[in-house]
Amino acid sequence: MNTNVADLGQIRCSQSWEDPETLRGALAPSVDSRILSIAAAGDNSFALLLQGAGRVVSIDASPAQCALVELKRAAIRTLDHDELLRFVGVAPANDRRHVYSRVRVELPDDARMFWDAQPELLGAGIIHIGKLEHMWQLFHGRALPLIHGRRTVRAAFDARTSLARERFWHERWNNRRWRLALRLFASERANARLWADRAWNAFVELDPSTNPFLQYSMLGRFLDLPTGHPWLAPDNHELLRSRLDDLDVVCSELETFLHACEQSTFTGFNLGDVFEWMSDEEHEQAYRSIVDAAAPGAKLAYWSNLVARSAPASLLENGVVSTDPALARRLHDADRSFLYRDFFVDTVLGPGGSA
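Residues 2 to 356 (our numbering) make up the sequence shown, in order.
If you're looking for bench data, these hints aren't it; they were derived computationally from the structure.
A virtual CB, placed ideally from N, CA and C, is assigned to each residue, including glycine.
Worth double-checking, as some hints may not be accurate.
[To be verified] So the derived label-pair ranges between C-beta atoms look like this:
1) Arg178 with Leu317: 24 to 34 Å
2) Ser280 with Leu317: 14 to 24 Å
3) Glu239 with Ala144: 34 to 44 Å
[To be verified] Subject to a maximum C-alpha distance of 25 Å in a straight line, what follows is the list of computed SDA-like cross-link-like pairs (lysine to any residue):
4) Lys132 with Ser63
5) Lys132 with Arg184
6) Lys132 with Arg97
7) Lys132 with Glu121
Please construct the entire structure, taking both the sequences and the accompanying hints into account.
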């Protein structure tokens, strides 16, 4: 994998921007599941534990991203739910650095060194500090007020029927300034059409009142924690705390780690958009490394946006893997995150070509 595309010492994203419900539908976690999950911000690694996975390995080549996952885990282990919300930035607080002094004792040495040197990030609330989150802060703080008034933006998240959402879209939301913003945000005409389609899906076909991704991107906050990111839901706090020992955080290149794994190590893979950043050659090498570490019947779930890389043709033709485009399309249509063009669900069939 080519890691030169990102500064591994900086936090790319401080929230996970892939829908955990999409992962649930693709991977069907159970007590027997052993899932390798691209760490990113760690939210979906926690979600997989809450969904019942027996073991989750959260992996990232970025020391900063791994330190973020470790900090979230230490905060979940150390703080009660209200303290957690204030510390990570869901709720207001002015004592986050003081609270960190309690949380840091649960951190491994490398993560503790990272966060000891980042007091300004801790003070900001760690769900707000990624480059992607900063982009959304600029959007809803500076661009969106030029498109819609505050009342209209807030009204977009009122609970409505699908028919009422469609009426709101046509009468109040999809104005000329909004359409212009989509065209400016997209670099190509095809991307503008994609963003328009995904916006329609998020605002009309799905329910904005239960969509944490849309809420954060438009408002900078969450309105409904029980239907949002599972690790932040109040009813999940004690269960997640009890499952934290079933999570391993690994800071490593994906292929390097997989080459050290035995065959049939994992029954499922949350790969995020990891293939997006690879060349064609790197993609095939990484995919084959995944297959080598997969148990027969293992599921692979992954997203793409600008580069639609799916299962290598050579593995499909030889019966090593199969794809499920119908399931992938159904899950993608219900996916509350609007950032991705495509979603894929593959199955490792095994050496003989059958699960």
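Status of each hint after checking the structure:
1. Arg178 with Leu317: 24 to 34 Å: violated (45 Å)
2. Ser280 with Leu317: 14 to 24 Å: Holds - the Cβ-Cβ distance for Ser280 and Leu317, about 20 Å, lies within 14 to 24 Å.
3. Glu239 with Ala144: 34 to 44 Å: holds (40 Å)
4. Lys132 with Ser63: holds (14 Å)
5. Lys132 with Arg184: Holds, because 22 Å separates the two Cα atoms, which is no more than 25 Å.
6. Lys132 with Arg97: holds (21 Å)
7. Lys132 with Glu121: Answer holds: Lys132 to Glu121 is near 15 Å, not above 25 Å.
Hint violations for this structure: number 1 only, all remaining hints satisfied.
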